[in-house]
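Undergrad: Protein sequence lines, in the order shown, are assigned to chains A and B.
Using the numbering used here, the first residue of the first sequence is number 1, and each one after it goes up by one.
Using the numbering used here, the first residue of the second sequence is number 1001, and each one after it goes up by one.
Possibly wrong hints are sitting among the right ones.
[Stated by the list, open to error] Pairs of lysine-lysine, DSBU-like flavour, derived with a Cα cap of 35 Å:
hint, chain 1, residue 1, chain 2, residue 2
1, B, K1038, B, K1052
2, B, K1044, A, K70
3, A, K51, B, K1017
Calculated directly from the structure, the hints in this document are not laboratory data.
Since the structure is predicted, the reported quantities are computational estimates derived from the model, not experimental observations.
These are the residues of each chain, in order.
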Amino acid sequence: GQQLNQSPQSMFIQEGEDVSMNCTSSSIFNTWLWYKQDPGEGPVLLIALYKAGELTSNGRLTAQFGITRKDSFLNISASIPSDVGIYFCAGRRSSGSARQLTFGSGTQLTVLP
Amino acid sequence: DAMVIQNPRYQVTQFGKPVTLSCSQTLNHNVMYWYQQKSSQAPKLLFHYYDKDFNNEADTPDNFQSRRPNTSFCFLDIRSPGLGDAAMYLCATSRGLEGNQPQHFGDGTRLSIL
C-alpha cells in the first residue's frame, strides 16, 4: 500500500523547547491529519488540513499542508510534559479505496523536565 | 464525553477461542472502521462499513469478521485467535468518506491471547 515517511522516529527534548516533525509521500493527498496517541489510548485528532498551503494552529500546535500536497509538518512550541506521546500523521485521498487513511509510522516524543 | 466507546478495554482469550470486541458511537456517523495496532506501529485498517455496506481490506485475514447491526454499533469477531492477533484494536468513525470528514477513534481494546 501507500507509504508515508514520518520523521523523526523519536525525539528527546527539554521542557520548553520547540518541536518539529514531518511527513512526506510520493503520492498526493487531499487531506492531512495529525493525531496524538497516549499509551493505552486511541489516537486523538489534533489538527486537520484540507487545502494545499493551509497553515492551521491549535493552541501551541501548528501544522501545514505542503504546497505540493505531498508533505505536511507539525510544530509544537514551548513543549510541556503532557506533550509526551506518539504523534501520527495521516493522509487521505478523495476517491475510491484510496479514500482510506494512510498513517505514518509515528514520532515518539519524550519531554525531559 | 466519549463519542466512540469500545468495550471491553482489555480482553484476554485463549488460543483458538472466538472473541468479539464491540464499538458504539453517539455521533450518528455513517462510517465505522476497525483497525489493528501492534506495539510501536501505526494503526492498520482491517475493514470498514459505510452504512450497511461492508468493505474488506485486501490483506485482512479471513479469521477477522465484522457485523454492524445498526448505525450505532459495530462488532469485530475473531473466529480463531492466534498468538499473532494479540494487539490493540481500534474502532473509528467518520461522517462520510469525503476528505473533509476526519476519523474519530475510540480508546481501543487491548487483546491478549493465552
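Undergrad: Starting from the hint list further up, note which numbers the structure goes against and sort them upward.
TA: The structure breaks only hint 3.
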